[in-house]
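K.L.:
Letter by letter, the chains look like this.
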Amino acid sequence: MKRRGRSKVYVRFSPLQYIGSGQASIIFMLAATLLLAVSFVRPGMYGGLRSSVSDALTPVMIVISEPFRQVAAMMESVTGLSELRAENTQLRTENIRLREWYQTALMLESENQSLHALLNVKPDPLHRFITARVIADSGNAFVKSAIVSAGQKDKVLKGQAVLSGDGLVGRIIESGQNSARVLLLTDVNSRLPVLIEGSRQKAILSGLNTDMPVLKYLPADTDIKAGTRIITSGDGGMFMPGLPVGTVVVGTDGLPYVKPYADISRITHVRIVDYPEDPNLIEGSSSPQ
Amino acid sequence: MSNLLPIEFVNWAMRLLLAQGVIVVFLLLNVVSFSLPHAGDFKPFFLLMAVYYWAIYRPTIIPVYYTFVLGLVMDLLSGMPPGLTSLIMVALQTLVQKSRLFLMGQPYVTVWIGFSIMALANAFCLWFVLSIKNGLMPVTPTLVAALLSTLLFPVASLILLGVHKLLPVSSTPMRTVR
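These protein sequence lines map, in sequence, to chains B and A.
Residues 37 to 325 (my numbering) make up the first sequence, in order.
Residues 53 to 230 (my numbering) make up the second sequence, in order.
Simulated from the structure, these hints should not be mistaken for laboratory data.
Just so it is clear, CB atoms sit at the ideal spot from N, CA and C, and this is done for glycine as well.
Incorrect hints may have been included.
Claimed, not checked - To be clear about the criterion: a stretch of chain A counts as covered by chain B if any three or more of its residues have a C-beta under 8 Å from a C-beta of chain B, and this derived list gives those stretches:
id, segment
1, 63-70
2, 79-86
3, 152-158
4, 161-172
5, 186-196
6, 203-212
Stated by the list, open to error - Below are the DSS-like pairs computed for lysine-lysine, each with C-alpha atoms no more than 30 Å apart in a straight line:
id, chain 1, residue 1, chain 2, residue 2
7, B, Lys261, B, Lys194
8, B, Lys238, B, Lys295
9, B, Lys158, B, Lys194
10, B, Lys295, A, Lys185
11, B, Lys252, A, Lys185
12, A, Lys185, B, Lys194
13, B, Lys238, A, Lys185
Sequences are here, hints too, so could you generate the full structure?
P.N.:
Shown next, in the form of structure tokens:
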């Protein structure tokens, strides 16, 4: 675009500026609708892209989440003297109780080992924990997931169980090089195979986007009492069996809800269970017939 | 390429990068963990604030393809179906850009009310599409998030105004023949 008779020459760089905002917007809205439609039909397609994006942005997210974390930690540490005293007394009694349980646990463990040896039972493979920090949550009320700052280079793989505080909070659904995405057990799409401790009854824990997921696929005449412990069953070979999940709470509609042991709304650090997968399991095909 | 002195070019580039960096920070604020209980449920729509502000006052620094990519990145980070936020952001940006002539001359309150309408529209679109995908979900948390976004908009627009003042006059480096 040259103007005659003037000493200045303006040259434009961006060719898309000639299109104008009208047509370009329509094109991009159509492209976005197309992507959306594809994600409805094939939800798993974007896994690789998602992990690359979260890998790329993880360092920046760690930096941005740091001030919030410091503020939260500072607020937690500033408590009144009376509260500190009450907490101290409570911790002392809990400590005494836990020491007694520790001795019982040691005794039970040695008895367990000798019984295993006697019956020639194959021991469960050893597992280890990977600790990671939660750097991002999902940012909206409809998806309950989180991004943690450990990835494949820390041996975090898809399908591993994620624990926080006192119990299970979810599982890893995608893992990039240095970040991984956790699907919390309160999400609508979360289904976990669990075991009811007393009756050894198996069920599926499915999330409802609320604070308490529900137990599904129980036989109709099962009688579940409130307060029963729920643990993972290890069905499907992906999770370690025996991880604590929560306790049963019977809802007003009579359905068995589970109150998780872990406080899912405020997880900051998680432990990821590195439990080796059963080598006899093969990946099923995900194409719909 | 350009007859600007190198130091002027660097100056121009740094100022433009600052604006883009602030947009990216807003995007990440949308996703980053706030370490508060239930923070993710009521998180305000920071990216929407940035896109809305620039769409009114300086649309040349957020061309439509850039908003599309930003929306896509946010979908990928937050676990929503990819393309949803892109669609909403591009649609809202087009809407706002078409009414720029009206909005630019208005007092701040009108711009604020315009943003609250956009935030409500965003909340409803998200709720609608995700309810189709996952079954009917409660709409209250997103409405609270829209309310919080409206309340936080003045703070965000102050930050964006500061960045706006630092922006160079042209988003494309001019070749000047002196």
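K.L.:
Would you mind marking each hint as holding or not holding in the structure?
P.N.:
Do the hints match the structure? See the list:
Only residues whose beta carbon comes within less than 8 Å of a beta carbon in chain B count, and the segment 63-70 of chain A has 0; fewer than three means the coverage is violated. For the segment 79-86 of chain A, the stated coverage by chain B is satisfied: 7 residues place a CB nearer than 8 Å to a CB of that chain, which reaches the threshold of 3. Taking a C-beta to C-beta cut-off of 8 Å, the segment 152-158 of chain A contributes 0 residues in contact with chain B, too few for the three needed, and the coverage statement is violated. Counting residues of the segment 161-172 of chain A whose CB falls under 8 Å from any CB of chain B gives 0; the rule of at least 3 is not met.
Three residues within the 8 Å Cβ limit are the bar, and the segment 186-196 of chain A against chain B gives 6, so the coverage statement holds. With 0 residues having a beta carbon nearer than 8 Å to a beta carbon of chain B, the segment 203-212 of chain A misses the requirement of three or more and the stated coverage is violated. About 34 Å separates the Cα atoms of Lys261 of chain B and Lys194 of chain B, which puts this hinted pair outside 30 Å; it is violated. Note on Lys238 of chain B and Lys295 of chain B: the hinted pairing holds, with a Cα-Cα distance of about 17 Å set against a maximum of 30 Å.
At roughly 26 Å between alpha-carbon atoms, Lys158 of chain B and Lys194 of chain B fall within 30 Å of each other, so this suggested pair holds. As the CA atoms of Lys295 of chain B and Lys185 of chain A are separated by approximately 26 Å, the hinted pair is consistent with the 30 Å bound. Distance hint between Lys252 of chain B and Lys185 of chain A is fulfilled; the C-alpha atoms sit about 20 Å from each other, no more than 30 Å. This hinted pair checks out: Lys185 of chain A and Lys194 of chain B have alpha carbons roughly 23 Å apart, not beyond 30 Å.
Distance check on the hinted pair: Lys238 of chain B and Lys185 of chain A sit about 28 Å apart at the alpha-carbon level, within 30 Å; holds.
Of the hints listed earlier, those the structure fails to meet are numbers 1, 3, 4, 6, 7, in rising order.
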